[in-house]
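Number of protein chains: 2
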Amino acid sequence: MTGFSASAAGAGKLPEALPDIDWLDTDEIRLRQTSYWDASSLTARALARPTTTEEVADVLRIASSTGQPVFTHGGRTTCVDAVRTGAGDIILSLERMNRILEIDPVEGIAVVEAGVVLQTLQEAVAQAGMFLPLDLGARGTCTIGGNVATNAGGVNVLRYGMMRNLVLGMEAVLPTGEVISSMNRMLKNNSGFDLKQLFIGTEGLLGVVTKIVLRLEPDVGARDVAMLALEDFDAVLKLQADAKRTLAARLLSFEVMWGAYYDAVTADGGHRPPLPREAPFYVLVETVAAEAGGGETLLSLLERNLEGGIIADGVVAGSERERSDFWRVRDDFERILAEPPVYLYDVSLPLRSMEAYVGEVEKAFRDAFPDGALHVFGHICDGNLHLFLAPGTAGSDTPGTRRTADEAVYTALSRFEGAISAEHGIGREKKEWLPISRSPEEIALMRRLKRTLDPANILNRGLVFDV
Amino acid sequence: MTGFSASAAGAGKLPEALPDIDWLDTDEIRLRQTSYWDASSLTARALARPTTTEEVADVLRIASSTGQPVFTHGGRTTCVDAVRTGAGDIILSLERMNRILEIDPVEGIAVVEAGVVLQTLQEAVAQAGMFLPLDLGARGTCTIGGNVATNAGGVNVLRYGMMRNLVLGMEAVLPTGEVISSMNRMLKNNSGFDLKQLFIGTEGLLGVVTKIVLRLEPDVGARDVAMLALEDFDAVLKLQADAKRTLAARLLSFEVMWGAYYDAVTADGGHRPPLPREAPFYVLVETVAAEAGGGETLLSLLERNLEGGIIADGVVAGSERERSDFWRVRDDFERILAEPPVYLYDVSLPLRSMEAYVGEVEKAFRDAFPDGALHVFGHICDGNLHLFLAPGTAGSDTPGTRRTADEAVYTALSRFEGAISAEHGIGREKKEWLPISRSPEEIALMRRLKRTLDPANILNRGLVFDV
Numbered sequence: 512m513t514g515f516s517a518s519a520a521g522a523g524k525l526p527e528a529l530p531d532i533d534w535l536d537t538d539e540i541r542l543r544q545t546s547y548w549d550a551s552s553l554t555a556r557a558l559a560r561p562t563t564t565e566e567v568a569d570v571l572r573i574a575s576s577t578g579q580p581v582f583t584h585g586g587r588t589t590c591v592d593a594v595r596t597g598a599g600d601i602i603l604s605l606e607r608m609n610r611i612l613e614i615d616p617v618e619g620i621a622v623v624e625a626g627v628v629l630q631t632l633q634e635a636v637a638q639a640g641m642f643l644p645l646d647l648g649a650r651g652t653c654t655i656g657g658n659v660a661t662n663a664g665g666v667n668v669l670r671y672g673m674m675r676n677l678v679l680g681m682e683a684v685l686p687t688g689e690v691i692s693s694m695n696r697m698l699k700n701n702s703g704f705d706l707k708q709l710f711i712g713t714e715g716l717l718g719v720v721t722k723i724v725l726r727l728e729p730d731v732g733a734r735d736v737a738m739l740a741l742e743d744f745d746a747v748l749k750l751q752a753d754a755k756r757t758l759a760a761r762l763l764s765f766e767v768m769w770g771a772y773y774d775a776v777t778a779d780g781g782h783r784p785p786l787p788r789e790a791p792f793y794v795l796v797e798t799v800a801a802e803a804g805g806g807e808t809l810l811s812l813l814e815r816n817l818e819g820g821i822i823a824d825g826v827v828a829g830s831e832r833e834r835s836d837f838w839r840v841r842d843d844f845e846r847i848l849a850e851p852p853v854y855l856y857d858v859s860l861p862l863r864s865m866e867a868y869v870g871e872v873e874k875a876f877r878d879a880f881p882d883g884a885l886h887v888f889g890h891i892c893d894g895n896l897h898l899f900l901a902p903g904t905a906g907s908d909t910p911g912t913r914r915t916a917d918e919a920v921y922t923a924l925s926r927f928e929g930a931i932s933a934e935h936g937i938g939r940e941k942k943e944w945l946p947i948s949r950s951p952e953e954i955a956l957m958r959r960l961k962r963t964l965d966p967a968n969i970l971n972r973g974l975v976f977d978v
Numbered sequence: 512m513t514g515f516s517a518s519a520a521g522a523g524k525l526p527e528a529l530p531d532i533d534w535l536d537t538d539e540i541r542l543r544q545t546s547y548w549d550a551s552s553l554t555a556r557a558l559a560r561p562t563t564t565e566e567v568a569d570v571l572r573i574a575s576s577t578g579q580p581v582f583t584h585g586g587r588t589t590c591v592d593a594v595r596t597g598a599g600d601i602i603l604s605l606e607r608m609n610r611i612l613e614i615d616p617v618e619g620i621a622v623v624e625a626g627v628v629l630q631t632l633q634e635a636v637a638q639a640g641m642f643l644p645l646d647l648g649a650r651g652t653c654t655i656g657g658n659v660a661t662n663a664g665g666v667n668v669l670r671y672g673m674m675r676n677l678v679l680g681m682e683a684v685l686p687t688g689e690v691i692s693s694m695n696r697m698l699k700n701n702s703g704f705d706l707k708q709l710f711i712g713t714e715g716l717l718g719v720v721t722k723i724v725l726r727l728e729p730d731v732g733a734r735d736v737a738m739l740a741l742e743d744f745d746a747v748l749k750l751q752a753d754a755k756r757t758l759a760a761r762l763l764s765f766e767v768m769w770g771a772y773y774d775a776v777t778a779d780g781g782h783r784p785p786l787p788r789e790a791p792f793y794v795l796v797e798t799v800a801a802e803a804g805g806g807e808t809l810l811s812l813l814e815r816n817l818e819g820g821i822i823a824d825g826v827v828a829g830s831e832r833e834r835s836d837f838w839r840v841r842d843d844f845e846r847i848l849a850e851p852p853v854y855l856y857d858v859s860l861p862l863r864s865m866e867a868y869v870g871e872v873e874k875a876f877r878d879a880f881p882d883g884a885l886h887v888f889g890h891i892c893d894g895n896l897h898l899f900l901a902p903g904t905a906g907s908d909t910p911g912t913r914r915t916a917d918e919a920v921y922t923a924l925s926r927f928e929g930a931i932s933a934e935h936g937i938g939r940e941k942k943e944w945l946p947i948s949r950s951p952e953e954i955a956l957m958r959r960l961k962r963t964l965d966p967a968n969i970l971n972r973g974l975v976f977d978v
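One line per chain: the protein sequences are E and R, in this order. Under this note's numbering, the first residue of the first sequence is numbered 512, with each subsequent residue one higher. Under this note's numbering, the first residue of the second sequence is numbered 512, with each subsequent residue one higher.
Check before you lean on any hint, since a few could be wrong.
Unchecked claim - Cβ pair distances, simulated, as ranges: (1) E:E943 <-> R:R839: 52 to 60 Å; (2) E:R959 <-> R:D908: 25 to 33 Å; (3) R:S950 <-> E:E928: 35 to 43 Å; (4) E:E943 <-> R:A733: 48 to 56 Å; (5) R:Q544 <-> E:D977: 45 to 53 Å; (6) R:F927 <-> E:P616: 14 to 22 Å; (7) R:P616 <-> E:G648: 29 to 37 Å; (8) R:A598 <-> E:D977: 42 to 50 Å; (9) R:A639 <-> E:R846: 39 to 47 Å; (10) R:L612 <-> E:A955: 20 to 28 Å.
Worth flagging that the hints you see were computed from the coordinates, not collected in a lab. For clarity, every value in this text was computed on a predicted model and none was experimentally measured. Ideal Cβ placement from N, Cα and C applies to all residues, glycine included.
Bound conformation, chain E alone (with noise of 0.2 Å):
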């Protein structure tokens, strides 16, 4: 434990009492933006920036015994409203544990610190000759932590899972102040109850995870990536289900753009379209380019699907450059969110009843703005769909705005028993949806963990359910 005063502390005022820690005060909090998709300042009490697992312990411990509430920030790049703060919260920024640990090839591994940003480490393990798995838009800012806290997804899902199957170890510290250290470093270990299950995906509501064990995959080599032009759904569904069946593993991303996002993303001013727009359909395929043969498999299911009339139009990407800009057209979504307000979902379903869904949104939401744009890209082979709803000239961001576009998504999605979340999460913004996803018994079940781990209620409390 690091310089405490009882006194202090028990007035809630963690700075004072654990004057060891870096901690920034409520004007320096102010300079910074509450999240990528929120410009406005953060308001806080104070934030701490530990520098060691015993440091986020101790204020915590300190916290818990107060009843102070505490926030916990990675790269702040939530999509559900799951880092804004009170004028009363204490924020836990792990920015300062950003080291990288260990990358160990022959066995393959990696170990981290929990504020490692993504893109970062991707980088260091391709150094290595290696693979890290997990790749997601927000690479540039997003921390390994947040992906875990959130059992990120992104592009790769469909070959190698999602955050919860790369996590082999992990370190986290209880809303308690105890030290759970499961750094497990084995690909498989049924010794026990599989504990960091408890904080994956649980959007830091059980604890806050300080390290990470992450598992590594042989560099993949080069990749192969064609865009791909399609008239209807059905041929989407035909081609995804040929690519996995085909490519089995080999296949890396399957990313499906609906016409009107592709569209706006490539109009005037945007980027340079790789096929003509104004199809119904887009697809980005990835491929990882075989040892002897090359590309091969990947050129044949695209000649057997042209021949069968499946694909529309093609175009193989020649070299890294275009392969770069190929992917620049499905992540660079900053067109899309220029004529604000624009409410992004991102929701999972049954494949088969996806094209039903997204026109069941489109009607409703178009009942209600007319001039309004719907732009929609999803993960289709993993069931995921990102949609972006934009009211147009009709609507300013009310409150009144957003249910119509919320009850537009949500639903047409209770009827086909999708997911409110495939992978961003609840937060706040999605939590008075979460009985259309899960039972009272399940959400039951979420607050007896939370109650369990977190008695005092510390850690961010409000987002997900109310306990």
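The hints should help you fit chain R onto chain E, whose structure is shown.
Chain R in isolation, oriented as in the chain E frame:
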């Protein structure tokens, strides 16, 4: 709730309290062998064979309110003494909840009751043109519910992960009788805590799994299998690294047998050896045959490593019959068990420590039992070794003999920071050794979870740890 008599329940007489459930009495129970590894008769007060989740809930609700210990039984293939019961216990067997409720090849899911036998499901899934990734030696008797409760591994983990990675949704009954239905069918769902993780790999301590949604994969089609002989462990490590990198997910299994194991199962009267005996190591490697180009990739791996001197000798299966003969050498270890006692261990540890570890175990064991035998095989790419220790003529099955074997295995393991169970779990057999792999804080947190979900401590009492 089925017909419930409060007074009978008050006396702990569950069969009388729930007469609508199918019960076996003490005499009928005695006809059952405890487990595959333990030929003694089962003993229990009564055995319930519920056919619905509601019946399971009724048993648990009454048991919780009266403090009646209940043990859940699936296929009783446990290797860790997890199904033995006492005269006062109630057994809850899922054997009659064995329906396959749905197989949907388009969405790639199967929905089953927990009592379905693994092989039965494998065959039904294959009939639907799909592939169930889980496979292990006990396939003919183990149940899906048991596979979930133990987070089963097996021969395809390298490519598909353990059971935890295959379970999309689940219905389970808490020890207090609440039904938690999380029958998610989506590959991705971050809508609140992933509660199924509480039941996967927790050896039945936190609830009874009743229904499961499993993810299926496209049919892998033909497979290529080779049996290889290698001169030293360094060659085994080099071959597995090459195979993982170049075959990637085309690699289905990579099984290593130490020479003594291979020699024992292929000795006179045993299986026909696909390769000459007395090599130091044998590798059984199985790949998914490519769509186009057949088995060329496995063949080129083999050619490259034969030329490079890594592989000393090898043979590729020329028919499905040969393939199955090769696998029998790996799977069918009856000859190893022929002269009891034989103690079975299941550990995981870093790849680079395996050879030294096996050497240390062998030395320690032979110091105690000079004519003892140590047989080893494993899924080494998963870091997983299975060890059979037979003291030979020097040891009868006494606590002292077992203790000596345990100490040989675990003393060395703790130095290499290995896990005492890679895939079999802890049960009663390994619980004394749990502190080798898990810290006091971790065990305290496991206890806290158990007390929260099972306050009367009725379910699988005494397995894994004491509450």
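### Query
Hint by hint, which ones does this structure get wrong, listed from lowest number up?
Violated hint (a single one): 2; every other hint is consistent with the structure.
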